[in-house]
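Visitor: Work out the full structure, taking the sequences as your base and the hints as a guide.
Each step along the sequence shown adds one to the number in the working numbering, with nothing skipped, and position 89 is 91.
A portion of the hints provided could be inaccurate.
[Claimed, not checked] Okay, the calculated beta carbon distance ranges per label pair:
id	residue 1	residue 2	range
1	Q61	S138	37 to 47 Å
2	I69	L315	32 to 42 Å
3	L33	R189	54 to 64 Å
4	L315	V205	16 to 26 Å
5	E289	Y167	14 to 24 Å
6	R193	L250	15 to 25 Å
Simulated from the structure, these hints should not be mistaken for lab results.
Fair warning: this is a prediction, and the values are worked out from it, not measured in the lab.
Beta carbons: idealized from backbone N, C-alpha and C, even for Gly.
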Amino acid sequence: MSQHVATRQPHKHALDVAHPPPGPGNLRAVLLPVVVVLLIGTVFVSVYLAAFHAPRPHQLHVGTTEIGTAQETLSRDLERVAPGGFSVETFSDESAARDAVQDRTVYAAYLGDGKLLYGSANGAAVTATVTTAFGSVAHAEHHELAVEDVAPAAAGDTRGLSVFYAAFGLVLAGYLFGMTTYQLAPRLQYRWRMASLALFGIVGGLLIATIAGSAGFGALPGSFVPLVTVIALMGAAVGGTTMVLLRLFGSAGVSLASILMLILGNSSSGGIMPAAYLPGWLRPLSEILPVGVGVRAMQGLSRFQDDGLVRALVILPVWVLGAALTLYLKDVYRRGAPAGAQVHREPRSAAV
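Guide: Set out below in structure tokens:
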């Protein structure tokens, strides 16, 4: 009678089992997120350090009522304190100089005999710059600097950053909206997607203007309807641009939108300090990107006699309409297809 001896095989843990080496697809899945995220992080650190590490003014607009030899001496003293830092404009009298500071034609105005008009709503950096520079001027004239704040910041907003934070929240929301609308509904009809974008902008404008303006903060004390309009247009411009980049470049558009809107847009917005403090290559973005245009108008409506409002009402709709037209051509227009036809081809971005 034969006996069958059962040999117990040792239990193998899942980690002991050899797996095949990763294929090209696996390597891409492992490496691509690392490369993309570190690239965005590197751009963020580089841009923000370039913008805000040891900032100094470049042709910061200031004014004076002094003329002749006194103005030449003033310009020479300012150049000595900060070479290339100031651009001096002449005003006929104190009233004109005061108006120029209040509507932010200039950031400060020196009236001679040690008297300086400035606006703390421009932020702590500008206040420190002009009081230090003109303090040196007054000292050279054997005067003590006497300052008058003719455009004060909101109560409690000691650093003048409330507008920046309010805008940053909306810009972040616009970026997330533009990214998620195609992920959640890749086949949504164009007209409904545009309705969603409009709804986001309007509700976002109402919320930000209400929270920052009248919910106990008082950070945006300007006229409510113009504030809502500017904020809504800025949010729609950011959301629409993010959607366009996503549709044109697929998953890479998410990274491009974060670099353009969140990093370059916010760093050049003028919300932390005016564009005159930015490096030369970053300064022009403040005049064209939705964030910088919107922030300047929000500040103007709140503290500086509507400075930047007209520019915002021209430039921001261009961004919104440009995005809407691009998405129409991408999602609706097909050769031989009727306008408004539903798009059945799922965009590449749905897999982001």
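Visitor: Could you run down the list of hints and mark each one as holding or not?
Guide: Tested hints:
no., hint, result
1, Q61 / S138: 37 to 47 Å, "violated, 18 Å"
2, I69 / L315: 32 to 42 Å, "holds, 37 Å"
3, L33 / R189: 54 to 64 Å, "violated, 31 Å"
4, L315 / V205: 16 to 26 Å, "holds, 20 Å"
5, E289 / Y167: 14 to 24 Å, "holds, 22 Å"
6, R193 / L250: 15 to 25 Å, "holds, 20 Å"
Figure legend: structure checked against the earlier numbered hints; hints not met, in rising order: 1, 3.
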